[in-house]
Amino acid sequence: MDALGLSNDEWTAILLSLRVSVVAMLASLPFGIGVALLLARGRFWGRSILNVVVHLPLILPPVVTGFILLILFGRRGPIGSFLDQHFGVVFSFRWTGAALACAVMAFPLMVRSIRLSIEAVDRKLEEAAGTLGAAPLWVFMTITLPLTLPGIIAGMILSFAKAMGEFGATITFVSNIPGETQTISSAIYSFTQVPGGDAGALRLTLVAVAISMVALLASEFLSRIAGRRIDPE
Amino acid sequence: MTLVVKAKQQLGTFSLDASFTSERGITALFGRSGSGKTSIIRIIAGLARPDNGQVILDGDVMTDTDRRIFVPKHRRRFGYVFQEARLFPHLSVRHNLSYGRWFGKVVGPAESLDRIVALLGIESLLERRPEKLSGGEKQRVAIGRALLSTPRLLLMDEPLAALDDARKAEVMPYLECLRDEMDIPIVYVSHSIAEVARLANQVVVMRDGAVEAVGPAVDVLNHPPASFERRDAGALLEGKVESVDAQHRIATITLKSTQLHVPGAALTPGKAVRVRIPSRDVMLAMRRPEALSALNVLEGTVQDMTQADDATIDVLVDCGGDIILSRITSFSAERLGVCIGAPVFAVIKTVALEQ
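Note that the protein sequences, when read in sequence, are chains C and G. Numbering of the first sequence is given in the working numbering, commencing with residue 1 and proceeding in unit increments. Numbering of the second sequence is given in the working numbering, commencing with residue 234 and proceeding in unit increments.
Careful: at least some of the hints might be erroneous.
DSS-like mimics (lysine-lysine), calculated; alpha carbons at most 27 Å apart, straight line [stated by the list, open to error]:
{"#": "1", "chain 1": "C", "residue 1": "Lys-124", "chain 2": "G", "residue 2": "Lys-401"}
{"#": "2", "chain 1": "G", "residue 1": "Lys-582", "chain 2": "G", "residue 2": "Lys-473"}
{"#": "3", "chain 1": "G", "residue 1": "Lys-582", "chain 2": "G", "residue 2": "Lys-489"}
{"#": "4", "chain 1": "C", "residue 1": "Lys-124", "chain 2": "G", "residue 2": "Lys-239"}
{"#": "5", "chain 1": "G", "residue 1": "Lys-504", "chain 2": "G", "residue 2": "Lys-473"}
{"#": "6", "chain 1": "G", "residue 1": "Lys-365", "chain 2": "G", "residue 2": "Lys-401"}
{"#": "7", "chain 1": "G", "residue 1": "Lys-473", "chain 2": "G", "residue 2": "Lys-365"}
{"#": "8", "chain 1": "G", "residue 1": "Lys-489", "chain 2": "C", "residue 2": "Lys-124"}
{"#": "9", "chain 1": "C", "residue 1": "Lys-124", "chain 2": "G", "residue 2": "Lys-473"}
{"#": "10", "chain 1": "G", "residue 1": "Lys-582", "chain 2": "G", "residue 2": "Lys-504"}
{"#": "11", "chain 1": "G", "residue 1": "Lys-489", "chain 2": "G", "residue 2": "Lys-473"}
{"#": "12", "chain 1": "G", "residue 1": "Lys-239", "chain 2": "G", "residue 2": "Lys-401"}
Calculated directly from the structure, the hints in this document are not laboratory data.
Whenever a hint applies, use it, and build me the whole structure from the sequences.
As structure tokens, this is what we get:
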């Protein structure tokens, strides 16, 4: 780390960013698949409302999303106090809160990607699997999910990338506490607020660029493998 | 095996109201596109619910709208071969074939993979991906996949319709094999009279959502209902292979009392076969023609004559119990003086009987 000239605080911010992004991506994945499935296949009252709610973080100013999270998930917020009392889970001013903010902000991108690939699955194949004796859950596990894999991978990478870059909602919800909630983005922001912080901001910027590039390359690689399994042409 | 089907359904302006009972062997659902064949087979499979109706196989009620019974498709154990093969693109041929075995609550011995693979001639394809297969190969794999789910009934919805003639000829023998060697009832949807004539034991003719005729294949095809395409008219005769001339690739088939020469080196003597003779391919002569290339000259008497349309007449010729249908122009009929009871010779080129 000396070679890069990164200080301990900067390293902490980088590792925290990675942890927050990975946790946000993985924790929101089951929900992302579930909601994408509902939106792609569900025929129920309120489907368009669900669609709007899911996409809201994409349109709202991030600060607004962060503030809503603060109201709902803060220590005294209706959901936050419930989770604190019953499960001992606290979001406000913790890294878990940063992960929640990132997950919420990235959720529309993840859902959209998975939804599109679910919609692209040929339902005739599912019908055929049914006639071969597969119950609906099995059809989903053995046909729908594998065929949706490229979309799921793309959605995960998008979610990760969005989480790495998330700033507004995070800083509003969980503030900018070094070692607890200070991600790369908020660390860069802090550097730019003090005289002589440009060098630190630049170092972190380079790291952010590197991480983003690796993530994108990984996504290309993974979706090519998944795509080859499904469509070798 | 007895399959009872009764279905009423209103689909937009199309109304389906059909019922039939089918026995063992291949039951063909025959009719033009839009006659309701596919709707019926989807109702049998449990892929669709009729507004009103029943599907009962050997006393097991699968669908009964009055009693509110509907067994979902994955619990029926009805194999289904679709028009398109619908192979799973992310699985190899081997895994496609064994897909249904993961779920089959197998009653009795499971069909062995090796036997089915050999029956369908797909040994060399097992490790391939579905995309790498030709249309005929895909359809054979799809048939194998359905068979390996140990179905009680096999439903086939125009399995050859998406294939070109060469691929059809490739798959057809496997279907015959299936009918003759597997002890499994089949409901076969088709709009091709050639397929039905060759495969079916029983025929259900559909027209505008209703059943127009039901019965053994020979009866129905020889006494076709009004909706049959005129150009499809012909006679279906049953016989047995007498001998095969391997050098000339010609088989001799004994019908009730006459003999017929057909192309086919693949036939084995003693095998029961069916020959369909399209009426357009039968000439009539008043005297026995000589020095003729056509190998089949059958002597008979005119049994009946019906005006097919303004210019043509269908003539039924009884050749010692084998009824042959010939279509000739009214002009020829007048010129030759063809009348009921007249002795005639029916002339059929062997190559016209190519299957």
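Evaluated hints:
1. C:Lys-124 - G:Lys-401: 23 Å, holds
2. G:Lys-582 - G:Lys-473: 19 Å, holds
3. G:Lys-582 - G:Lys-489: Between G:Lys-582 and G:Lys-489 the Cα gap is close to 20 Å, so the pair holds against 27 Å.
4. C:Lys-124 - G:Lys-239: Answer holds: C:Lys-124 to G:Lys-239 is near 25 Å, not above 27 Å.
5. G:Lys-504 - G:Lys-473: 6 Å, holds
6. G:Lys-365 - G:Lys-401: 19 Å, holds
7. G:Lys-473 - G:Lys-365: 40 Å, violated
8. G:Lys-489 - C:Lys-124: 47 Å, violated
9. C:Lys-124 - G:Lys-473: 42 Å, violated
10. G:Lys-582 - G:Lys-504: Distance ~22 Å between G:Lys-582 and G:Lys-504 Cα, so the pair holds.
11. G:Lys-489 - G:Lys-473: Distance ~9 Å between G:Lys-489 and G:Lys-473 Cα, so the pair holds.
12. G:Lys-239 - G:Lys-401: Roughly 31 Å between the alpha carbons, so the hint for G:Lys-239 and G:Lys-401 is violated.
Figure legend: structure checked against the earlier numbered hints; hints not met, in rising order: 7, 8, 9 and 12.
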